[in-house]
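There are 2 protein chains.
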Amino acid sequence: MEKNKVGEFHFVTEPYLLDFRGRVTIPMIGNYLIHVASTHAAERGFGFNDMSERHTAWVLSRLAIEMIEYPAMSEPITLYTWIDEVGRLFTSRCFELADSNGKTFGYARSIWAAIDVETRRPTLLDVAGLSSYITERSCPIEKPGKIAAAESESEGIPYSIKYSDLDINGHLNSIKYMEHLLDLFDLEMFKTKDIKRFEIAYQAEGKYGMELMLHKQEAGSEKYNMAICNEGKAICRAAVTWS
Amino acid sequence: MEKNKVGEFHFVTEPYLLDFRGRVTIPMIGNYLIHVASTHAAERGFGFNDMSERHTAWVLSRLAIEMIEYPAMSEPITLYTWIDEVGRLFTSRCFELADSNGKTFGYARSIWAAIDVETRRPTLLDVAGLSSYITERSCPIEKPGKIAAAESESEGIPYSIKYSDLDINGHLNSIKYMEHLLDLFDLEMFKTKDIKRFEIAYQAEGKYGMELMLHKQEAGSEKYNMAICNEGKAICRAAVTWS
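Chain order of the listed sequences is A and B. Residue numbering for the first sequence follows UniProt numbering, starting at 1 and increasing by one per position. Residue numbering for the second sequence follows UniProt numbering, starting at 1 and increasing by one per position.
Chain A with its partners taken away, still in its complex shape:
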């Protein structure tokens, strides 16, 4: 019974998808998480197609990833995912990442909402249906929380949304927000440090041609707040802790 609640998925990191250090990137982890969330949901009757039939779609609202260490190249990765909480408008899904020896090297927490595909407004979740999959498995990382504004004191780098940034809903792909934000860090940072925690809150949908400003602001020792703004309003906020 518990087994059916927790999804278990296997990946092998591909050399050609790793970064210049031969590391899995945070956006790539994000891709894996969305993949397993999507498959786990589909296998339980509330996947992309099930949602589409009801003219709804899942929208990722918040995501926090904590890495204990980064797997070596071409190492098999096991990913576990399960539902943690279900509310009227949001559901919380957790993840655990383990290496081939079964050693946990990371955790993640995500918050999802369902929207009506026509109005793009939140819709009520099937609380009873989803709740039957809730499990008590522990996910010992902080929940994604409030992130301070980063746009007030930093100048920002302009970026306009392109074809390759769009997802199937015609909006800026969740993973592309991450990519564009992490690209604000100098390569030196990636050479000498590791991202320990990455957290992102999606606030509005990015559309084709939208003129964005990408912001990064130091918020303490090895901690940065970030934001993507359109016309002065944040469409997403993120926080990165290096170590």
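It should be emphasised that the hints constitute simulated quantities derived from the structure, not laboratory data. Hints should not be assumed to be uniformly reliable.
Here are the computed distance ranges between Cβ atoms for each label pair [stated by the list, open to error]: (1) PRO140/B / LEU124/A: 47 to 57 Å; (2) GLU85/B / SER138/A: 50 to 60 Å; (3) SER221/A / THR104/B: 49 to 59 Å; (4) LYS193/B / GLU222/A: 23 to 33 Å.
Here a beta-carbon is modelled for each residue, glycine too, at the ideal position from N, C-alpha and C.
Starting from the known structure of chain A, fit chain B onto it as the hints suggest.
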């Protein structure tokens, strides 16, 4: 015997990786091709790790993809790959893409070189070893050929290479060249037409921070030549035919 020469791989397109029309993108097809090339090679003793041991690495030199049609969403894809020709410095690998009914919807041809990872210069291939995998299977599309310069009459869009563009060798990822080039087309083009043939020739390695100019020039009815230049010199050329 022939079976061992031709690699067969299965994919299911992921909704969250499709473009705004729910289509597999050309860069995504490129990713699949590189994945199967890489796996097919590794299974025969000349993969990434085998090459690394000899301080060499495969470098994609040219790629041509022809799409007969685009698979529908979440449809299983079968990808076949085989070695076509082996020379002293280059080897040619072909691909065939089929849908779940076994109907072919695309072909691709690629040319690869091996470089010394220290000098970044081409090295001689193991002609005898590779040749034992050559098969006569047909790949009925034109070989990748010479692409006319696109930078002379077009103004160009500036782009500088970022962290997320880098591959494990610290150079601009082969797929990212494609992404940045295709982003030069207006969304209207993707709404009303399909890419029938995409061809790319990699001429030099892009490095972090390198200031590039992205060029696109109409070269006939629904045909465009493209180039990525650094300091006036093309680091890659591409040609796109729409239909």
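A quick look at each hint next to the structure:
no., hint, result
1, PRO140/B / LEU124/A: 47 to 57 Å, "53 Å, holds"
2, GLU85/B / SER138/A: 50 to 60 Å, "56 Å, holds"
3, SER221/A / THR104/B: 49 to 59 Å, "57 Å, holds"
4, LYS193/B / GLU222/A: 23 to 33 Å, "48 Å, violated"
Consistency with the previously given hints fails for number 4 only.
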